[in-house]
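Two chains, two frames, some hints: make the complex.
Residue numbers (the numbering used here), protein chains in the order written: chain A, 1 to 184; chain B, 1 to 168.
It should be emphasised that the hints constitute simulated quantities derived from the structure, not laboratory data.
Just so you know, these numbers come straight off a predicted model, no measurement behind them.
Ideal placement from N, C-alpha and C gives every residue a C-beta, glycine not left out.
Accuracy of the hints is not assured; some may be wrong.
What the hints assert, rightly or not - Short derived list, chain A residues pointing at chain B, Cβ under 10 Å:
{"no.": "1", "residue": "43"}
{"no.": "2", "residue": "164"}
{"no.": "3", "residue": "178"}
As the list claims (entries may be wrong) - Cβ-to-Cβ under 7 Å is the rule here; a few derived chain A residues that face chain B:
{"no.": "4", "residue": "45"}
{"no.": "5", "residue": "48"}
{"no.": "6", "residue": "55"}
{"no.": "7", "residue": "59"}
{"no.": "8", "residue": "60"}
{"no.": "9", "residue": "78"}
{"no.": "10", "residue": "79"}
{"no.": "11", "residue": "82"}
{"no.": "12", "residue": "86"}
{"no.": "13", "residue": "167"}
{"no.": "14", "residue": "170"}
{"no.": "15", "residue": "171"}
{"no.": "16", "residue": "172"}
{"no.": "17", "residue": "175"}
{"no.": "18", "residue": "179"}
Unchecked claim - Computed spacing ranges between beta-carbons, pair by pair:
{"no.": "19", "chain 1": "B", "residue 1": "37", "chain 2": "A", "residue 2": "146", "range": "41 to 49 Å"}
{"no.": "20", "chain 1": "B", "residue 1": "149", "chain 2": "A", "residue 2": "162", "range": "37 to 45 Å"}
{"no.": "21", "chain 1": "A", "residue 1": "162", "chain 2": "B", "residue 2": "136", "range": "53 to 61 Å"}
{"no.": "22", "chain 1": "A", "residue 1": "8", "chain 2": "B", "residue 2": "41", "range": "41 to 49 Å"}
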Amino acid sequence: MIRNDVFKTLIPVISEHLVVCNIGAPSQELHALDDRASNFYMLGTMGLSSSIGLGLAAAQDKPVIAIDGDGSVLTNLGTLATIGNNPQGNFTLLIIDNGSYGSTGDQPTYAGMKTDLAAVAKACGAETVQTVSAEDTAEAVKAAIASDQTTIIVSKCESGNVKVPVIKTNPIVIRERFMEEVRR
Amino acid sequence: MATTMDHQIVEDLKAAGIDYITSVPCKQLAGVIEVLEGTSEIMHMPSNKEDEGMGLCAGAFMGGMKPAIVMQNTALGVVVNTLATLIQFYQIPLPMLISYRGEVGEPVACQVEMALHTKAILNQLHIPTYHFHKPEDAAELPGILEYAQMASKPVAILCDASFWRASA
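With the rest of the complex left out, here is chain B (with noise of 0.2 Å):
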């Protein structure tokens, strides 16, 4: 069910331009991808792979949309390849939300793994980072879809278990 919250991240990414999402899921994103679902302003196109989903991200760039990813931290070991040569080489501007998954709250011993990577696989890129703990963190959520057009570039915006548990 989705929160306050998810419909806020929602209203703000609508409201900042972004009409063209996709999307691989992940429970914490869960809310996001239902309000999605139902929101007209905004094209879904759910990808299989988040490589794939910031080719397709690349291509409504280029037909004039203002395209967004939502995508979980473990796929930043997918990614890296496509973030330097495709989205930075040619300069796509593109918000990442991102689950920040393996923080303190995580109940997957797993997924540990990857979030002790995520920030350093995203320093390593130079890719603008943003981390959403308390439900308040998310007022700086326009701000970052502005950023991200201005600077033509990747944005990360990690939203940890804190938050999510904090904003339901």
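Excised from the complex, chain A in its bound form (with noise of 0.2 Å):
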């Protein structure tokens, strides 16, 4: 399974919810697969979606789902110590780990190498973190948002992205129905 298929089995569980997409192939597809107000997609900043979604988790109480990678978690490392010092319950953390950089053509990350991100994340007193395969992601998920800590999930999938468009939306259009979405 590659990322796009993983998003399909998550759709169901993640699209009631808030959602922060990662820059690039991840929001892309997410956009072509599902497009709701319900989702930001950040279209700039690689590394900050962990940082936007903890950000929006402890201003509010509705679940967060942030969806990141392993290239744009290594990019923003420090984001795991922030995360494990601050557990937000309503916040999920996950990293869609492909072991590649996926929207610039698939270079290889030291996250596909010797480095597990799933063991950073736990030294930087991450409350609870799992390693699942592709085709156990999105009941991981599941769980997570029913649970009240923090969660960072690293999920375990190939290399590989498909062909959609880029996101033509206005930013501003995104962020108002988002906001819209997060007073509902």
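See the structure below:
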């Protein structure tokens, strides 16, 4: 299973919740599969999906799922320490770990080599950290949303993207409709 | 040890409705951060790097809070992309309380290098910039904080060594 296949299984689990989605292919694939006002597409700033998600979770009570990638977490590794030290029960971080920089040509990441992001997350003090297969990801996310603990899920899937259009929605529209969902 | 000015700055932030602050420390900001730690009305969530901190602020804003960031001017070298493609692209109001290292009174030569670029970077990004040089300049803080919300923009408040020394 590649990222897009994981997303297909994930949509019934996350579509009613606030989702912050990573730059590039992940946002484009989610947008193509299931565009919703409750999705915040982060169109720039590689690495900050988990940070935006944590800030959002701290500011309000609704469940928040931040979808990130292994390469993106590596670019903002300090985020795991911030999450570990500021646990928010309504926060789930899903790291799609395909061992590659998917949006830029599938170059290998260190997470696909010797670096174990789940072990890093644990060492950073994160409460609940799970490594799951692509097939088990949706079930794990469902349980994480239902739980009252910060959960970091590392989903091991295959490298690869599907051809989908770029997101042309105005950023203020993305932000405004998302904030309406937050207030709803 | 926090000064009257440090307390006044935090009072102004509170009065402006700022209820979420992330910070990366600087010697000049130690007093403000100390006061923040004891201020229950403001959620203080330190970050490891300022671009991460701006991500936290963007999330807190979308969650209904009024965020601000406390940081050193050298970090403007870190956050250019984040300011342009997150804070400005999505029009997020963000007061940035910035210690302005490398100005007159600076003991560390290396700090001068980023001081030389500080206002140029802010100008290049079209970020409204205010420079506190004397303690009385801080009287403008409430207005600046209101302005950031009105404009939905990042706003820089540079506080130099002379300001901090005269405020001690």
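Checklist entry - Which of the listed hints are not met by the structure? => result 2, 13, 14 and 19
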